[in-house]
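> Listed below are the residues making up each chain.
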Amino acid sequence: MSALASPSAEPLLEIRNLTIRYRENDRQVTAARDISFALRRGGSLAIVGESGSGKSSVAGAILDFLGPTAEVTGSMLFEGQDIAGLAPAQRRQMLGRRIGAVFQDPFTSLNPALRVGRQIAEPMVQHLGLPLAEALSRAEAALQEMGIDRAAEVARAFPHQLSGGMKQRALIAAALACEPPLLILDEPTTALDVTVEAQILRLLSRLRRDKGITLLFISHNLGVVRRLCDDVAVMYASQLVELGDVHRVLELPAHPYSKGLLASRPPLAAASRNNRLAAIDGQMPTTAEPDAGCVFAPRCPFHEPRCSAGPQPLTIAPDGHQVRCWKADELGPWPRQQVAAAVQPAFRRGDALVNATQLSKTFGTRGGLTSWRLSVAGGRPQLHRPPKRAPAVNDVSFSISPGEVLGLVGESGCGKSTLGRLLLQLLRQSGGSVEFDGADLARLPAQALSPFRKQAQIVFQNVGSSLNPRLSVGEALERPLALFGLTKPRDRTQRVAALLDMVRLPVAYRARYPHQLSGGERQRVAIARALATEPRFIVCDEPVSALDVSVQATIVNLLADLRDAFGLSYLFISHDLAVVAQLSDRIAVMYRGRICEIGTAADVLAPPHHPYTEILLASAAEDEPAAESAVGIAGAAHGGCVFATRCPHKLGKICDTTPPPLRTLTTSHTIACHLDVLPHDVGAPPIPVRPDPLRAAI
Amino acid sequence: MAVRLAELTAADFIRRRRRLPASLIVGGTIVAALIVTAALAQWIAPYPYDQMHVRDRFQPPNLHYLAGTDEYGRDVFSRLLIGSQLSLVLGATATLISMAVGVPLGLIAGYRRGVTDEAIMRVLDVMLAFPPIMLVLLILAVTPPSLLKTAIAIGVLAVAPIARVTRSVTLDLMSGEFIEAARARGEHLHYMLLRELLPNVWPVLMVEASLRVVFAVLLGAVLSFLGFGVQPPAADWGLMISNGRAFVDTAPWISLAPGIAMSITVIAISLVGDGLREVLDPKVGGR
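Taken in sequence, the protein lines are chains F and E.
Counting along the first sequence from 1, when you hit position 57 you're at 64 in the working numbering, and nothing is skipped either side.
Counting along the second sequence from 1, when you hit position 9 you're at 12 in the working numbering, and nothing is skipped either side.
The reader is advised that the hints may include incorrect statements.
Interface residues of chain F toward chain E, partial, derived using beta-carbon atoms under 10 Å [said to hold, decoys possible]:
#, residue
1, Val79
2, His310
3, Cys314
4, Leu431
5, Arg435
6, Arg536
7, Thr540
These aren't lab readings, by the way, just hints derived from the structure by calculation.
Backbone N, C-alpha and C define an ideal beta-carbon position, used for all residues, glycine too.
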């Protein structure tokens, strides 16, 4: 049932011809152009788009968060009243009281100096005029309603004591404190791990069902949207390009951009070496003028001259489905990329390029003198060493063959980035050893490390800081050439051009500085910089996590092409199992510093699974994940299985006290678990990993 | 923040020229004018700075003596011009000295961290613990005064704050992944400090340096006023203010003129500092 075409009831929120412009110094930027939609009471609408599409500005306009440089025109009818015309004081009164909001980053949205309960109680004191004591007890009840165990304890805690998921639950509780009919969520799960994301989505859909709350959900993630919303609006370059029922849009997308967006999501399945993701070439224009024709035309594979003749109108079908494309009805599926069949190399375990043996890393406490503690016990002063932290990487062994890609998956904080840095000796291990090409790196003298540095490189996640802002692209790429004496000075220009060509950037980019590049382009330069030393092994540390879906696909494809062209080995680190599966020959799953499952991509993705892999897969497959033990304040470290506290298949005491044995299922597949019969082997309620239904339909 | 701040390049600077903050334009113009007059003081000054006009003692400002004359009949205006040389040279030299020592210390402390950081910063803390005037007086009192020594004394005093600023910006930059990329190439210490870090610390240091010049000029004047800096008959602003004290009732211009000159200089340099901060800091300047 659609929230859009409902003439019977007056919509709760109706946006008409909303246009948002920012004055930025002397030029004007349009963030949203002529946006109209309606949201019925109890309905839920998702606004989907890539970064810069203007989706958050729409939410910001409703919430009056845009600041003085924004010029907002059009009307926003909330409960029949145009809130754009309200006085600031009335508007503030409405926020929190009638409209609740939850934002992306739960880590900075709570005031670190106030107890959590107080922050949930505050809007009730402000808007409902409740006495503080009553508001506090209601806050506690609200936390309980959010599925938090020991709510009283959590209400008295300070934000730093809570995990990200708990903070987001508390923020939702605060947003709903005054029982507003409308809840606006701006990327509420983007900063969270997939398993936590699944829990939050479950909570939100329960709240919707039980309390009849209307949701406006802003997201870049199409999978998330499908689980929560009735309707979806797709935004591109400040315009609404498609609007309709969520199943219709996600299963039979009409606009080319929606098609491309859906096609570029990696499937959750092991991929062969000649497999490439569908990708949208080019990048979103920042200052698109509608007179120039269809805003998507420059990137559209279905583009023809007529598309550029004039601005595209939004056509409305009888069933309420809206599309901004004149030939939407005649379009076929988004074209897929093909590469010539690459030979699947056979890897022999014997000749490993990288070999990690019982690798461990424990970070000391930072701060030197200041972290020592002095106590006076029994009249005698005593100096205490800073306490040891839990190991970030704990007894990890694996090897990577020449030309092989090992995927490393895990949640944030599991130690996967630390592991990558240990392999490159950017960090020194506390125990164990790393061998590269047969040489133990820890025993190499410092000057002998240089040939290793040339052969092992790294590509980072954070495209904002991976390039030195003061060096031009050319300078950044020439430096490795000069450092390792790879190219004669007069040939360097040519070599830089060749490197740029390898990552498919125009040669003219050599003169640009990082801030003049988009996120995807920066990542290409970073990859070119790593390639400059002609390495054999590259650690890719979440190289696509900060990028939009369509850009992510092009970078994954590029990494696959380079792997095949140069026979590179990767350690490909990501929290996204689907992305890892796309590129990896083998996959290792990491939890709290330990590898709990390792095997070929097909082995890991198919049952039997380690219980943690099972949860990861279910969360990523957008299924209801297996029930986990209730969320509470995380317990202390213990001697048994690291996953025991969250494990749905926990056997009993043995899991808490004894480290799990390694079970070798096939020569290439190992699982660390006490279970004799692993999930899906036999017994245990199966959680089938279905092929993505969206994918099948496109 | 530092990384974003550092993202500004010369190109941005030029692009923004049309919108330079007023403080930078006003301050910059005054500072430029001061530097030019100081450089040309010998030729601009109507009289030699130490020439005594015995008949024209205590003349109030008039057409012959633009800023009046002092108790020996010396032209205050000429002395002001010559004095500006001393003040500016002192400010610049002292700041250069403190930068030359403080910036490398800060870079190394921020880059190495750990024991090196601890050692450098604790030593600097000790220096900070001295009352500033006491430290300078200690240096100047035991040996005969000279301009260079005053500059060194004042410069040493500013090493700790400069090193602290450099260190904190460096620490911020160290979390940038381009630093890790450089380490993954096995870059040498000097390349890390000079090519990767220093250009990114520079904008912040420019702002800090302008403030340090102000302090140096003021402190130089204070020292001269107390008699530890430049010695008579040199024309130093602080010294001139000090000498004019006795005649404040009858001939206020003797102290007032150098006081005003001092104020203008200090305010102009501060304006430049504020202006730079605004241009270089995206948070204040608004990108």
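> Please go over all the hints and tell whether each is borne out by the structure.
To see whether the hints hold, each was checked on the structure:
{"no.": "1", "hint": "Val79", "verdict": "violated, 19 Å"}
{"no.": "2", "hint": "His310", "verdict": "violated, 33 Å"}
{"no.": "3", "hint": "Cys314", "verdict": "violated, 34 Å"}
{"no.": "4", "hint": "Leu431", "verdict": "holds, 6 Å"}
{"no.": "5", "hint": "Arg435", "verdict": "violated, 12 Å"}
{"no.": "6", "hint": "Arg536", "verdict": "holds, 7 Å"}
{"no.": "7", "hint": "Thr540", "verdict": "holds, 7 Å"}
In terms of the numbered hints stated before, the structure departs from hints 1, 2, 3, 5, listed from lowest to highest.
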